[in-house]
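Engineer: Kindly produce the complete structure, drawing on both the sequences and the hints.
Residue numbers (the UniProt record's numbering), protein chains in the order written: chain H, 1 to 500; chain F, 1 to 324; chain Y, 1 to 223.
Heads up, some of the hints might be wrong.
Claimed, not checked - Using 30 Å as the maximum straight-line C-alpha spacing, the simulated DSSO-like pairs for lysine-lysine come out as follows: (1) F/K130 - H/K445; (2) H/K445 - F/K317; (3) Y/K185 - F/K265; (4) F/K217 - F/K150; (5) Y/K185 - H/K386; (6) H/K445 - F/K138.
The hints are simulated quantities; they were obtained by calculation from the structure and are not laboratory data.
Spelled out from the first residue to the last, the chains are:
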Amino acid sequence: MGDLFSNLNHGFSIALTFQNLGLAFLGCLVGTLVGVLPGVGPIATIAMLLPITFGLEPVGALIMLAGIYYGAQYGGSTTAILVNIPGEATSVVTTLDGHQMARQGRAGVALGIAAIGSFFAGTVATVVIAALGAPLTRLALIFGPAEYFSLMVMGLVFAVVLARGSILKAIAMIVLGVLLSTVGTDLETGQERLTFGLPFLSDGIDFAVLAMGIFGVAEILRNLDHTETRNVVQQAIGRLLPNREDFRQSWRPVLRGTTIGAILGILPGNGAVLGPFASYTMEKKLAKDPSRFGRGAIEGVAGPEAANNAGAQTSFIPLLTLGIPPNAVMALMVGAMTIHGIVPGPQVMTRNPDLFWGMIASMWIGNLMLLIINLPLVGVWVRLLKVPYHLMFPAILMFCCIGIYSINSLPTDVMFIGLFGIVGYILIKFGFEPAPLLLGFVLGKLLEENLRRALILSRGSLDTFIERPISAALLAVAAVLLVLALLPSIRKGRDEVFVE
Amino acid sequence: MRKIALALAAFGLATSAAQAQGNYPQRPITMIVPFAAGGPTDVIARIVGDNMSRTLGQQIVVENVAGAGGTTGITRGAQAQPDGYTIMMGHMGTHGAAPALYPNLKYDPSKDFAPIGLAAGTPILIVAKKDFPAKDLKGFVEYVQKNGDKVNMAHAGVGSVSHSTGIFFTSVIKAKPTMVAYRGTGPALNDLMGNTVDFMTDQIVNVAPQVQGGNIKAFAIATATRSPALPDVPTTKEAGLDGYEVSAWNAVFAPKGTPPEIVAKLNEALVKALSDENTKKRLLDLGGVIPSTAEQTPASLQKLVESEVARWTPVLKAAGATAE
Amino acid sequence: MSLSPQGVAQPPMRRGPIRSTQNFAGGLFLLALAALALYLARNLPQGSLRSMGPAMLPDWLAYGVGACGFALVVMSLLRDGEALAKSSLRGPVVVLLAILAFAMTIRPFSLGAMGLPGLGMVVAGPLAIIIGGYATPDVRLRPLLILALSLTPFCMVLFGDLLNLPIPIFPQSFANLFPASWSQKEILRATAVVMAIAALALFLTGRRRPSNRIDVVDHSGTM
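Structural biologist: See below:
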């Protein structure tokens with residue numbers, strides 16, 4: 001324990017130099033400003049901004065990059081709340097209740113509770129990383145393909161639970177999402193599937209493209225149909241910051257979200273993506289009146305946002321202690337470290353203690369910066385909603401185009417947001433929700449890969465999922481959750497089975 | 001409407017008009033990296049490009065165009081204006097293995113490019129899980145041969161370096177282990193460290209830290225000389241395995257038809273970058289191998305591409321590996 | 001896309017045996033998607049559990065999507081539910097056109113015999129905004145122009161100058177109009193300033209006489 005304090009002390013002595021503080025601030029600020037562009041999430045932001053850190057010395061560069069990451073992450077949540085476009089998979093959940101709150105004139109409260117919840121989660125996660133990073137890593141190695149498959153199955157069950165309307169339609173969307181994730185070159189055999197022979201589909205559908213299409217563009221199309229509702233957002237602005245009552249409702253969800261997010265973030269197979277979904281599911285199940293969810297419940301923003309940030313933070317653990325990037329953002333971090341001559345691996349902690357502890361300390365500082373930058377900005381963001389919609393949507397449209405183009409420099413990506421926009425619009429028209437589709441899509445790839453990997457390793461025996469204790473436990477939890485999700489509607493009688 | 005059409009036409013004509021070549025470069029140069037930012041090829045491109053920018057007096061902007069094992073970006077580069085303002089970083093996969101892996105490839109690695117020069121190679125390492133029941137490469141090869149498909153070989157997806165070099169390895173030792181695909185090196189390494197899979201082959205920059213940290217063991221490095229990053233790991237030849245020398249080379253190309261004086265200027269800048277102490281050190285830190293002066297010429301790169309295509313095509317075709 | 005036409009056109013009142021046109025159309029849509037997936041995967045091997053082929057999971061999933069679609073169709077015949085809301089085609093069509101215009105002008109584009117030179121953000125950005133703006137019936141050209149002329153330079157400076165992204169800003173031929181001593185960045189900044197001034201001028205002159213022009217003619221013109 002004494003070690004921990006001297007290490008953290010060492011870290012803060014590095015992170016608190018004038019230059020590094022400035023870099024952390026700059027990173028958070030730029031990250032927020034770029035990340036808040038509709039559809040531009042953390043991956044795109046970091047990829048875009050990576051080159052501007054080249055001129056710095058390694059520790060400073062990584063501190064700045066971490067700042068950019070937090071900033072972009074929060075920026076993604078901001079667009080999710082304001083214009084219903086999630087910047088990344090983990091802020092999909094935030095759109096559910098966050099955007100509803102914005103529509104009710106509570107955008108400021110939603111943004112505020114997201115910032116404060118994130119800060120709390122970030123603080124806890126920093127301590128977790130510092131204290132438990134190394135030992136927890138060993139735990140993560142127990143997770144093999146079978147365990148990941150079961151974890152993803154559990155994730156899909158969450159998607160059923162977070163559905164708002166008809167359960168049948170939600171299941172249809174999840175399955176469709178998983179189906180969409182199989183588009184592209186098959187990982188095991190290299191054969192192309194469902195690509196129409198189009199070369200730009202051979203790598204599958206990009207998450208950003210799908211999300212921007214079925215959320216961003218489809219949302220614009222839907223709003224264009226409803227001249228009367230789309231002005232609601234601008235009229236009522238309401239309070240800018242959460243009040244005591246909001247905090248009373250939110251502190252438990254934040255605590256629970258932090259715990260869930262921090263645990264899932266440690267898993268190297270991008271477990272962090274499940275955090276917000278798990279938190280939302282839990283809040284909805286614990287709530288006295290679950291029907292409030294999806295209609296602007298503050299718990300549905302506070303919990304998942306805390307889980308999101310805790311997971312974002314603890315997903316540094318596999319990278320810093322093992323050198324293994326658990327997701328695309330961390331893979332970019334690996335690139336950034338190697339460019340600066342630090343090859344991430346188990347020795348970083350001993351060989352570059354300045355970097356390791358400096359970065360951990362700067363995580364907390366980054367979170368503090370985020371709070372300092374964003375609380376005043378809430379007012380600015382909320383005021384943006386006052387822009388008349390007939391000017392707002394062409395601007396969003398252009399930002400979406402530029403954002404998606406800047407990720408891969410592919411005009412076909414731009415065309416696809418249009419195509420998915422139309423698909424999303426049709427789905428909304430037919431009463432389907434896009435969120436379960438996106439979750440199915442995100443988990444689908446991991447689900448299939450791990451299923452096939454597990455079956456190859458077990459030489460075709462399905463028993464492997466039950467024989468391995470962790471896998472079996474996860475599947476059991478999934479089964480219980482599914483029953484719990486279906487029970488209320490079954491009990492309500494046959495007439496309402498499919499319409500909750 | 002007519003005005004727009006006129007303007008479009010004017011832009012189009014002017015764009016296709018030949019540019020003055022005398023004082024090249026006059027504006028930033030785009031270097032296409034056919035992989036996502038952060039991978040080994042991207043890192044090498046940025047390190048080398050950084051120094052070349054200083055020599056040329058214009059910035060080299062890295063543009064990541066990822067997709068289909070790097071062939072998406074290289075296809076775009078091959079079709080770009082050959083004016084020296086679009087160059088690309090190709091590698092072993094895009095200019096060696098791709099013709100075998102992608103039957104519908106839209107470019108010919110040996111015909112559609114003006115080679116600039118070899119940038120850096122990253123040697124391939126044969127690594128196995130910590131508990132693998134073999135002490136050295138000989139024992140390892142015997143074990144894999146004897147146990148056949150009971151052994152699990154991990155790779156980072158069809159078309160990746162670890163996939164091609166892994167197939168090559170199994171064809172050299174004439175064994176058929178079970179192949180397990182991962183999306184990228186990271187998750188594959190994770191399962192290697194967790195004892196879920198048995199072995200893999202990959203670029204030294206990806207696996208060296210885990211070897212140094214004792215999480216996995218390295219049996220051999222597939223180059224002629226040992227690497228300063230892992231001085232204790234023998235070369236394949238030293239360890240008694242002939243015919244498995246392979247490295248994931250990275251090289252700069254321009255589209256076919258780029259004027260020779262521009263090619264010469266770019267090659268000059270590349271050669272200068274590779275002799276710069278700081279650039280060299282950064283590449284060596286990654287476990288990279290700097291090509292000899294003789295290997296840095298466009299002509300020798302052309303020869304390398306031809307020999308690589310000739311080497312990979314039969315190996316990959318025999319294994320039935322294709323990405324389409 | 002198989003937007004089932006009879007579903008969209010149907011008035012909200014009930015007619016015939018279909019008791020929820022929304023569920024009915026949704027079910028058909030899912031069935032169509034499932035059939036499409038099965039058709040596309042028809043030539044791929046299924047494999048076995050021990051080594052699953054590329055088609056195994058997509059096929060199962062397609063059956064799953066199809067089953068959901070079938071259930072929805074059956075339900076729409078048995079139970080009352082929501083009817084399809086009316087929608088106009090203007091929004092989707094115009095927004096799609098705006099996105100296509102951006103995609104086709106941002107960098108050199110060719111489709112068969114048709115080809116466009118890369119015009120960069122300076123053209124693609126305003127095109128997306130102005131065409132996109134026509135998606136709503138209450139469109140006015142002047143505010144859209146002001147928006148386009150102010151947001152585009154903002155993006156040019158942010159992405160092209162400050163962040164240094166490799167996103168095309170203007171065509172090379174445009175840069176050739178400037179003196180050779182000007183660097184790319186200087187041309188970019190100058191262009192951005194000119195656009196911003198134009199936006200400001202439009203804004204100031206427009207405040208006195210609000211434009212009430214009917215935009216239908218322009219609409220066909222920009223296409």
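Engineer: For the pair supplied as a hint, F/K217 and F/K150, is the alpha-carbon distance within the 30 Å limit?
Structural biologist: This hinted pair holds, its Cα atoms lying about 20 Å apart.
Engineer: Take a quick look at whether Y/K185 and F/K265 sit within 30 Å of each other, Cα to Cα.
Structural biologist: Within the cut-off at roughly 24 Å; holds.
Engineer: Within a Cα-Cα threshold of 30 Å, do Y/K185 and H/K386 meet the stated pairing?
Structural biologist: Violated, at roughly 34 Å.
Engineer: Against the 30 Å threshold, does the CA-CA distance of H/K445 and F/K138 hold or violate the hint?
Structural biologist: 38 Å, violated
Engineer: Is the straight-line distance between the alpha-carbon of H/K445 and that of F/K317 30 Å or less?
Structural biologist: 27 Å, holds
Engineer: Taking 30 Å as the top limit, are the C-alpha atoms of F/K130 and H/K445 close enough?
Structural biologist: 29 Å, holds
Comparing the model with each earlier hint shows violations of hints 5, 6; every other hint is respected.
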